[in-house]
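Participant: Residues per chain, in single letters:
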Amino acid sequence: MSGAQLARSQPRISVGRVSPVDIVLWSLRILVLFVVFAGTIGAIVKDRYTAAQWFDFVMFGLTIGAIYAQIALGYTMVYGVLRLINFAHGDIVMCGAFAGYFVASPLDRSGFLTDHPVIGMAAILAVAVATSTGIALLTERIAYRPFRRVAGSGPLIAAIGVSFFLEQTFRGMFGSSVKSYPAPAWQRSTFEVWGFNVPRIDVLVIGLAIVFMAGLYLIVQRTKMGTAMRAVAEDAEAAALMGIDVNKVVVFTFVLGGAMAGIAGVFYAFVYKQVYFFMGFTPGIKAFGAAVLGGIGSIPGAMIGGVFLGLVESVGPSLFLDGLGIPAPYQLRDLIAFTLLIMVLIFRPNGIFGERMAKQRA
Amino acid sequence: MTAVEHGRAGAALAWRRAALVGLGFGAGALHLAAVGVLLMLHQRWIVIDTLSLGQATVLLLAGGAGAMAARDADARLARGALAGLCATLPLALLSLAMDAVTLQPIFIVLTPDLQAMLTLGMPPLLAAPALLLVGVAAGLLGAALRAIPALSRALLPGAIAVLIAGVFQELIQLMLQQYEGPVGEARDFVYTWEGLTQQGAVTVFVVVTLIAQLAGRAARGRVAAMEPARRRQIWAGIALAAIVILPAAAGSYIGQVLMLVGLYILMGIGLNLEVGLAGLLDLGFVAFFAVGAYSTALLTADAPNALMHLSYWAAMPISVLLAVCVGVLFGLPVLGVRGDYLAVATMGLGEIVRVIVLSDFGAPLLGGAQGVLHIPKPQIGSYTLSSPVALFYLTLVAAAIAAFIAWRLENSRLGRAWMALRDDEDVAQALGINLVRSKLLAYGLGAAFAGLAGSIFATMLSSVYPSSFQLLISINVLALIIVGGMGSLPGVVLGSVVLIGLPELLREFGEYRYLFYGAVLVVMMRLRPEGLWPSDVRQRELHAGDETAALDAGADLLPARE
Amino acid sequence: MAKTLLSVCNVGMRFGGLVALSDVSFDVQEGSIHSVIGPNGAGKTTVFNCITQNLRPSSGEVWFGDERIDGLKPDRVAALGISRTYQNIRLFRNISAIENLLVGMHLHLRSSWWGAVLNTPFTRADERAAHEQALELLQFVGLRGRGDMLARNLAYGEQRRLEIGRALATRPRLLLLDEPTAGMNPRETSEMMAFVERVRARYAITLLLIEHQMRVVMSMSDRVTVLDHGTKIAEGKPAEVQRDPAVIAAYLGTAAAAHAVPA
Amino acid sequence: MKTPTRSRMPERMTGFRMPESMTRSRTLRRILLATTLATTALAVARPAPANAAQTLGPVTDEIGVIRIPKNAPIQIGGMWVLSGADTALGLDEKRGVELAFKTVGGKLLGHPLKLNAEDDQCNAEGGQTAATKLAANPQTVVVLGPACSSVATPGAPILWQAGIVDIGTACTAPALTAPNRGPQYAGFVRTVFSDSEQGKADATYAREGLKAATVVTVHDGSPYAQQLQQVMADNFTKLGGKVLSQEAVSPNDVDMHPLLTKIASEKPDLIYFPLFTAAAAQVLRQAKETPGLEKTVLLGGGSLASAAFIEAAGPSVVGFRIGYPDISADAMGKDYPNFVAEYKKTYNEGPISGYHANAYDGAMLAMKAIEKVAKTDSAGNLYIGKKALRDAIFDTKFEGISGPIACDANGQCAQFKPSVLEFTSADPKTYDLGKNPKKIWPK
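Residue numbers (our numbering), protein chains in the order written: chain A, 1 to 362; chain U, 363 to 924; chain V, 925 to 1187; chain G, 1188 to 1630.
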């Protein structure tokens, strides 16, 4: 039964037709809701955090969420067009961050990044985007194109292979140590919004992420290539019959996804200051979760899903788990993320915001 | 266009292809150099003071390019030479570049050592052409081997034997190490601890070439007469026999490696029920493995947080049962989730299990980061199965039982229901197949095998740590059944040997294990997506029904078609 | 008059805002051939899905014999004796023809999975009987000797017949055929008609048929229901329906008009 | 519908497809039989295990003698994590050993030294395989490593069963050298301190040096960090302090802000986080940006004493403190600076993790002990008694570059003198134990 049917069928459950499966699913919902509500009430009763601290939680969530959102865009577009979970997308983010590092580091040492922040950042972003895009295209050409028409798990496995390959290649070439991104002074300063202190870099990341994502949205919605992309996502065969060059569309998709990955990589590195070969894996998986959350194939969905995931991850442990008195709640942060992902997959496989993707993708 | 022009265009195209093939191999060589593999290989001799593994790799790449380029009928050798040239070109350029600028601050492995390897100590301006020349020679040789079958028949077996003897020298020496007397002397003649001696290499080459010539002539007729399926079976039988005998003969290390292979076979068989038969893509399989391991640990260990102190044999069935329960619990919520989404959902479930096992939240029961220690080994009477070889045979028995069960299930009513589910869930349901029951059975039975593997794993290590239950395990198991051949039992065995056994045997290159792994996955998917040993098209009408059909002949004379 | 086997009462089906069926009712008499016709998009296949519970009707009731079946799971419906084929053939493409039939017999095999593992005599007997029946059925649908071919490698007509064979393997009392002659030329169509007649003769089952080709409908059906835009516009004997002004109106102006105009 | 079975049906016909191997191939059955026989024969005829009393050449030993022919290398095993995310940790130690070999010119007693380094993947199963492989090589004299206690736990008993001593180079779990560690660990020593001492010292510093009344600890789910923070927390309580909470992160986490905000709400005097490079750098950096933690002292663990950590943490590292064995001139070997210079020269980067010096000392310990017990016969062959070597290792005392080395009865060889170091510069090139970070306690 597809998710769409499941969702529809829920309200029609009548006594006598309730199966054990339904009972399990309902108890699952009740359990999660219980944890959320009891935890929240507990946290409110404990009253441990000040308003400024809650604001900080939200701000951190928005920042990481904005980055998740950008990575999620790559997943969502590729999945939309190719029905492929590009498992290596997180590693393409890593490639961008690495490329950016080799520009940012000398620029910072020479003082250029402090003196000319805009030009410096543009240069870093440009190199990162170029690298990520190039590698995304290479992987598409070498590893994914042969699977264009293959169903089953082959493409997913190839993508996993690409992921390992990229990680290990970068480890081999640049070493396994953690490299530190520069932190010019202007990034570290904070300013005040409604009496709360906000780090400038966070605002910059969120702001630029919105700008880039809006740009992407316009490209997909307004340009000829974007229209072709949506057509292929809807029905690749029909689109090919209409004279759309599917190859070109796929390449274009990877270009867009790679570019967003490069940008996300640089932002990620500027916020968290570290690059190393394994850095892309975890955010990659989480961003995929964000894409599913928002309804895979939907660009606004990926954005909202990313931000939502970031918020839940940031606020959740303090709000739900700490409230219940669970020790070391931040160790269970991934638990919250994955529970959210699974709940969405079970109960709303089209995503919280997706509607149109109904049948063929569930 | 005239025919001549056509021919000319075709020839130009073939030349271009040869160059491209060469450059492709060259890019591979460059990649190996840049990530440090080449240098690491260079530090290992195949034949001492003569040929390093790194040099052999470069030669093989150039030779391979030559052989690939020599596909067309004419100008084979010349094209091979071109391809060989192109295959060494990137390395030659790299050596020149390294001479001009220091690349090491960015690319950490582009060290003077690598430069020394590429130039053999010569000045770069001289070394680069020399390298290209070597490439041309290797390309020529590769092309010649392809073009002249007699040549390859004469040279290849010996060369391959030398290569194997060199690459696996550590392993072979370990196996021979326990023998003294003539075996020991032969060993010392052929090997030193660094690799093959020169006289050893020559000996191996000559002996193997002779054997190949003699045996080849004798066996070719008989083997060729056999049908391919049967030939494959014989080979499989021999390979299986080798797996069974080897640990007893070769000692604990091989036993240990094959034991890991056996555990993965066990898990592969389990996952194969889920993915190969029922089509339920599961990336959270490691959770069942963890449940099996932790149940055994908590039921038997001499640790403060252990629940009981049962014997291993009592704990094992309980562990399997618990794994089945968790499998069913896993399956219940994701019953309605399909395809790639299912993969992600199960991956999430697997990660949840790992996070809980690791967490301080679960620590009072599960031991948290410190794991559970002091798990006893299984005992039969007064004999303790403590050596890797003994435990290997335990695993082997478990795997054999699992394979038997899986094979019986595959050909049963339930197996058919699973295959129907895999192909079309809606139709299967419309034909009266109970989805909930069938899927939960797939999860439960798959989990049983993983739980069994986990249980053996726990007693093998005498300790369990949460770090042993990473997502990587699930990916490994999935990859091995796909590399082996989806839905095929021999494929599972083959996949485990290639993806688990081989990297274990080449542990000295462990640093690059996952690079190899990634490359294998991609290459496999491109060249042989159906797997190394795909499941046969199952012959059910004619094989089981032939006799009936023959008996019925004459009784039914209805036309075959309307 | 024979008794009613299937009764569709005021069934409606909505997809979000889209109304696919509204208030459709008809009865199928035991032993008859009943056809559902209508222009493209009239909701014929949706009716089938609502009967087999591949879709749950949004409103109304479906009765099979004395049992109300709407809201049941499709496998329960199949167990009660309703089986179907699909407009675009949906065989299990990656298993052999005979295995397709064996899957169809799933409901009537009694062996359990552990019986299979232990290879009990009961399981063996069960499987042997199933195999024999499958061979018989294979013969009946004219595929004897082709049982080991993967279903996807069979010719189109063979796939159609195999799909019917698979539906028969569940031993239905009511068989739903969704455009069995779709994509066939006149000769193949005649063969298929003869085949369907043989099915009815041999298995004594009730048939509910969706059909586009009027020749088939008019010559085979005992009774015809006409749908248009999700509502029933006519029902009756073929000849009556043919004369019905509403039906003619529905078909005129569509591509199918040529077929619909009475000969 | 039950169709009666036709009597004409041959018995063989069943619904199942018999595997061809069972219906058709007699050859396979023969192979199967031969296999069983061969296995049994081999299992019976296998050579006796290595660890029995043995006399070879001039040496007699209770558990066996290793004979190294003239010119053959002395084979030293190594097991560290050499792949995956923790590669830097293991590689750093492997390099420490390689440098130790280099200082003696790559030769010992006229035999070349050969390091057989195995990847243990920093997990128990990897350790089991690595140890089994090293133990299977009868020429393995001694094994250096591992870096991870979860490797040593299954690995050391396997090695000792073969009569091989394992010198741990960074595995700090207290249980490994506890008095009740069991006879299977009799062959395990380590040239690195135990967490219990480190944790105790850190707690003492926190109470006495810092006068901290409250602490929050953070670990990353690794056995090392979890154990260390637990020991520290227990001792801190014992000394009259209050542990506000014990937090944890996962090693790949990058966003520590929420955690630190939570910690800030508890207003601790001290945050103790003995994490590894990546996560520790994040905690450190982000703690500086978290309001409410301005006055809180941060204290890290010994795994952070490396240039790589300075590189990863950037400017926030200045003023950061770590608990570490005392490496001031009087406590620490004076050769350490030379060692670092050599390291940089050889590997073109500064030390990439924190335990290279312990590994170097482990290798030196092994070589000194070998020199003591090895005997050469007239033909130039070298003989080493296994039990004698073990005893020699326990007896050897010397000044290592990580401090004095001398083993107690339980195999604890690194003598622990506590100290606290403070980083003084954010430039990785200035990394120099003693200067950056420099010792600030005890004064």
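Among these hints, one or two may not hold up.
[What the hints assert, rightly or not] List time: in silico DSS-like cross-link candidates among lysine-lysine, alpha-carbon distance up to 30 Å:
(1) U:LYS739 with G:LYS1482
(2) A:LYS46 with G:LYS1482
(3) A:LYS46 with G:LYS1475
(4) A:LYS46 with G:LYS1574
Worth flagging that the hints you see were computed from the coordinates, not collected in a lab.
Participant: Quick check: which numbered hints come out false for this structure?
Facilitator: Structure breaks hints 1 and 4.
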